[in-house]
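Number of protein chains: 4
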Amino acid sequence: MATGQTTPTRGYTATKDQLQTRLRRIEGQVRGVERMVEDDRYCIDVLTQISAIRAALDKVALGLLDGHVRHCVQEGAEAGKADEMATELMAAVGRLMGRG
Amino acid sequence: MATGQTTPTRGYTATKDQLQTRLRRIEGQVRGVERMVEDDRYCIDVLTQISAIRAALDKVALGLLDGHVRHCVQEGAEAGKADEMATELMAAVGRLMGRG
Amino acid sequence: MATGQTTPTRGYTATKDQLQTRLRRIEGQVRGVERMVEDDRYCIDVLTQISAIRAALDKVALGLLDGHVRHCVQEGAEAGKADEMATELMAAVGRLMGRG
Amino acid sequence: MATGQTTPTRGYTATKDQLQTRLRRIEGQVRGVERMVEDDRYCIDVLTQISAIRAALDKVALGLLDGHVRHCVQEGAEAGKADEMATELMAAVGRLMGRG
Numbered sequence: 001m002a003t004g005q006t007t008p009t010r011g012y013t014a015t016k017d018q019l020q021t022r023l024r025r026i027e028g029q030v031r032g033v034e035r036m037v038e039d040d041r042y043c044i045d046v047l048t049q050i051s052a053i054r055a056a057l058d059k060v061a062l063g064l065l066d067g068h069v070r071h072c073v074q075e076g077a078e079a080g081k082a083d084e085m086a087t088e089l090m091a092a093v094g095r096l097m098g099r100g
Numbered sequence: 001m002a003t004g005q006t007t008p009t010r011g012y013t014a015t016k017d018q019l020q021t022r023l024r025r026i027e028g029q030v031r032g033v034e035r036m037v038e039d040d041r042y043c044i045d046v047l048t049q050i051s052a053i054r055a056a057l058d059k060v061a062l063g064l065l066d067g068h069v070r071h072c073v074q075e076g077a078e079a080g081k082a083d084e085m086a087t088e089l090m091a092a093v094g095r096l097m098g099r100g
Numbered sequence: 001m002a003t004g005q006t007t008p009t010r011g012y013t014a015t016k017d018q019l020q021t022r023l024r025r026i027e028g029q030v031r032g033v034e035r036m037v038e039d040d041r042y043c044i045d046v047l048t049q050i051s052a053i054r055a056a057l058d059k060v061a062l063g064l065l066d067g068h069v070r071h072c073v074q075e076g077a078e079a080g081k082a083d084e085m086a087t088e089l090m091a092a093v094g095r096l097m098g099r100g
Numbered sequence: 001m002a003t004g005q006t007t008p009t010r011g012y013t014a015t016k017d018q019l020q021t022r023l024r025r026i027e028g029q030v031r032g033v034e035r036m037v038e039d040d041r042y043c044i045d046v047l048t049q050i051s052a053i054r055a056a057l058d059k060v061a062l063g064l065l066d067g068h069v070r071h072c073v074q075e076g077a078e079a080g081k082a083d084e085m086a087t088e089l090m091a092a093v094g095r096l097m098g099r100g
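Chains as they are written, first to last, in our numbering: chain A, 1 to 100; chain B, 1 to 100; chain C, 1 to 100; chain D, 1 to 100.
In case anyone wonders, no lab produced these hints; they're calculated from the structure.
Nothing false has been slipped in among the hints.
Simulated restraints on C-beta separations:
no., chain 1, residue 1, chain 2, residue 2, range
1, D, 83, B, 55, 27 to 35 angstroms
2, B, 17, D, 80, 53 to 61 angstroms
3, B, 18, C, 17, 38 to 46 angstroms
4, D, 15, C, 83, 43 to 51 angstroms
5, A, 75, C, 17, 51 to 59 angstroms
6, D, 75, C, 35, 20 to 28 angstroms
7, B, 39, A, 35, 24 to 32 angstroms
8, D, 48, C, 56, 15 to 23 angstroms
9, A, 83, B, 83, 53 to 61 angstroms
10, B, 84, A, 84, 50 to 58 angstroms
11, D, 15, A, 31, 43 to 51 angstroms
12, C, 25, D, 48, 20 to 28 angstroms
13, A, 21, B, 18, 29 to 37 angstroms
Calculated lysine to any residue pairs in the SDA-like style (CA-CA distance at most 20 angstroms, straight line):
no., chain 1, residue 1, chain 2, residue 2
14, D, 81, A, 80
15, D, 59, A, 100
16, C, 81, B, 72
17, B, 59, C, 88
18, C, 59, D, 42
19, D, 59, C, 98
20, A, 59, B, 97
21, B, 59, A, 29
22, C, 59, D, 58
23, D, 81, A, 11
24, D, 16, C, 39
25, C, 59, D, 97
26, C, 59, D, 45
27, C, 59, D, 32
28, C, 16, D, 36
29, A, 16, B, 49
30, C, 16, C, 74
31, D, 81, A, 75
32, B, 59, A, 52
33, D, 59, C, 41
34, D, 81, A, 77
Using N, Cα and C, we set each Cβ at its ideal position, and we do this for glycine too.
Please put together the full structure from these sequences, using the hints given.
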């Protein structure tokens, strides 16, 4: 979650600013779905919006996981906690895959 | 998304009130994640929260889909639009499974 | 799961022949992964294959679900079992979304 | 994917033998689904089996990923390829989450 990087963004890497921008957008999307339900909008249209929110959340999750692997896991390994970090990482991935 | 039902809630069935309550809670959870990122909280803890939001969103999606199948698809079938409704329903399920 | 249709394939609709062909291919893919593990192939390459199998299985599931919605649910509704069919359908979708 | 370990199995860790046993069982489950489709078994029952196969495949994937994180990523980091390994790992996780 480093900020002010000059290196190009690769893969799922995301800065703290990017994560916050995405989360604020997701918050707005959830509010949009609340309004759609309030207005009795067509179920299928609401579901399409929910699928979009899930995709956006997954992108945030992958961005966080990427930062975790690049920084925390790396530092943990150097501090002799590689095994502990691996167990924790795998539990997080399992939960994201709905196999928690 | 019927309100004021007297029949018991089964499976994924949810009233409009229940859906709105769940969505407001999800909105609060997303705001919570924004704060966690702002405060540089440990990545794994943020990911655990995101997994919880995804599960809550899936529950809302299944509630909406349930209402859609019970009411709209049924009415659509009676109006001779069974095939059109099935195509639309399947597209929504495919998107929810991330196979859009 | 109709066979010998002359109507064009739309959306996730699949004939029995198509489903069987896809399942045989998936069986072969699983055997391929067994060999990869046996040969100590690189984990990431094995995982890529597993992701492909999951996508193929989801396509089969969506094809079956499509047939179910178009035929069984429709006939069930005409036989006065619309509600029972909806409950059953939603449970199946929930399981496919890993929220069983 | 180490074999003959005396350390207890934790989390998703799986030996090569365990992975192969699970994959052979999955192969049998896929063959079972082929027979179910051949015999025109009730769609919902076939879908339940497919959901079970998906869950079993995810368990194999998590077992492989666990071994990868514990051994390959660790060795890669020591060989100065931490960043390359992280990019590769994240791409694999993204594909497993259906966000490839």
